[in-house]
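Peer 1: Let chain A serve as the given structure and place chain B on it in line with the hints.
The residues making up each chain are set out below.
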Amino acid sequence: MKVWLVVAAVGAGTALLKAAGPVFLDRRPMPPRLQRMLTLLAPACLAALILVQVLEGDEGIVLDERLLGVGAAIVAAAFRAPIWVTVGVAAAVTALARLI
Amino acid sequence: MIRMERGYRQGARAMLPLVVPVVGFGVAFGVLAREAGMGVLAPVVMSATTFAGSAQFAAASILEVGGSAAAAIAAALLLNARYTPIGLTVAGAIEGPGWLRLLRSQLIADESWAIATTREGVDGGRLIGAGLVLYATWVTSTLVGALGARVIGDPETLGLDAAFPAVFVALLAPQLKGRRAPLAAALGALIALALLPWAPAGVPVIAATAAILVGWSR
Numbered sequence: 273m274k275v276w277l278v279v280a281a282v283g284a285g286t287a288l289l290k291a292a293g294p295v296f297l298d299r300r301p302m303p304p305r306l307q308r309m310l311t312l313l314a315p316a317c318l319a320a321l322i323l324v325q326v327l328e329g330d331e332g333i334v335l336d337e338r339l340l341g342v343g344a345a346i347v348a349a350a351f352r353a354p355i356w357v358t359v360g361v362a363a364a365v366t367a368l369a370r371l372i
Numbered sequence: 008m009i010r011m012e013r014g015y016r017q018g019a020r021a022m023l024p025l026v027v028p029v030v031g032f033g034v035a036f037g038v039l040a041r042e043a044g045m046g047v048l049a050p051v052v053m054s055a056t057t058f059a060g061s062a063q064f065a066a067a068s069i070l071e072v073g074g075s076a077a078a079a080i081a082a083a084l085l086l087n088a089r090y091t092p093i094g095l096t097v098a099g100a101i102e103g104p105g106w107l108r109l110l111r112s113q114l115i116a117d118e119s120w121a122i123a124t125t126r127e128g129v130d131g132g133r134l135i136g137a138g139l140v141l142y143a144t145w146v147t148s149t150l151v152g153a154l155g156a157r158v159i160g161d162p163e164t165l166g167l168d169a170a171f172p173a174v175f176v177a178l179l180a181p182q183l184k185g186r187r188a189p190l191a192a193a194l195g196a197l198i199a200l201a202l203l204p205w206a207p208a209g210v211p212v213i214a215a216t217a218a219i220l221v222g223w224s225r
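Going down the list, the protein sequences come from chains A and B.
All residue numbers for the first sequence refer to this note's numbering, where the first residue is 273 and numbers rise by one.
All residue numbers for the second sequence refer to this note's numbering, where the first residue is 8 and numbers rise by one.
Here chain A stands alone, though its shape is the one from the complex (with noise of 0.2 Å):
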């Protein structure tokens, strides 16, 4: 029964918070300033996430192997490799360094 409150509390919010901005803000033309200030959420948003997958730990900042691949990672992304490259190099040297 708990189980399947949380799936669907879980399942029904999460839809709630992806849909309102498409579903609400059909074709009203935003304001420029609004729309200016969205075309930044990627690369705000993006870094955040990368920071954050990259040191988080179950309490806190923690420094790992994670740090080795995506310094790898932001290398190849800097030579413009294929996603693909990018993506195989941070997974081969953060396995790599923890076969070490």
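Among the clues, some could well be false.
Stated by the list, open to error - Heads up, incomplete: computed chain B residues facing chain A, CB under 10 Å, no partners named: (1) Arg13; (2) Val27; (3) Pro50; (4) Ala59; (5) Ile69; (6) Gly94; (7) Val97; (8) Ala98; (9) Arg111; (10) Val151; (11) Ala199; (12) Leu203; (13) Thr216; (14) Gly222.
Bear in mind the hints are in silico, worked out from the structure with no lab data behind them.
We put the beta carbon where it would ideally sit given N, CA and C, even for glycine.
Peer 2: Chain B only, in chain A's frame:
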């Protein structure tokens, strides 16, 4: 319409490098959920309806240690609160009547949104193509994990936890042009870094969205 169809294919193809990492974490979620006493069906339904990895892991982890339903729900929804600002950037890009936009918006996940985002804004076709590949992979691999099959090794041993930030690096790099985008990225990272050691999970990324204020004035 033709443009939209090309977008589907481009989005689907761009998602392919992430299929192996997604399988790794989908299976891991299924295994964790089973250990948390969620059974087989509930984790699969959760993957199909919530479709957001970090929130699902958070909810299952809380249930596993005997936490309350309210704690699991609150933690998961806090992690997913970022999808409302993210959804605002998608608003103009997906078409159709309200119910169809509601359905299509469910394909928003960090990875599909990042793949769909170009310097000109979000491409609705790419979002749907990338989202469908991600969705099918995520739900199927959850089922495999919940059935107890370890088709793939421990995702961390394989370094797959570094694959997601790596793909965000690859997608962020071409956007760092002009004056404001690099500033927004740096500020977003700083805000997240400042909050990460002590704020509840999910808060650092939501707070980082405040970095878009660098676009306030021309």
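Peer 1: State for each hint whether it applies.
Peer 2: Structure-based check of all given hints:
1. Arg13: 18 Å, violated
2. Val27: 8 Å, holds
3. Pro50: It holds, given that the least Cβ distance between Pro50/B and chain A is near 8 Å, below 10 Å.
4. Ala59: 6 Å, holds
5. Ile69: 9 Å, holds
6. Gly94: Because about 3 Å separates Gly94/B from the closest Cβ in chain A, which is inside the 10 Å limit, the hint holds.
7. Val97: Hint holds; Val97/B Cβ to chain A Cβ min 5 Å, cut 10 Å.
8. Ala98: At 4 Å from the nearest chain A Cβ, Ala98/B passes the 10 Å test, so the hint holds.
9. Arg111: 7 Å, holds
10. Val151: 18 Å, violated
11. Ala199: 4 Å, holds
12. Leu203: 6 Å, holds
13. Thr216: 6 Å, holds
14. Gly222: 4 Å, holds
Taken one by one, the earlier hints fail for this structure at numbers 1, 10, listed in ascending order.
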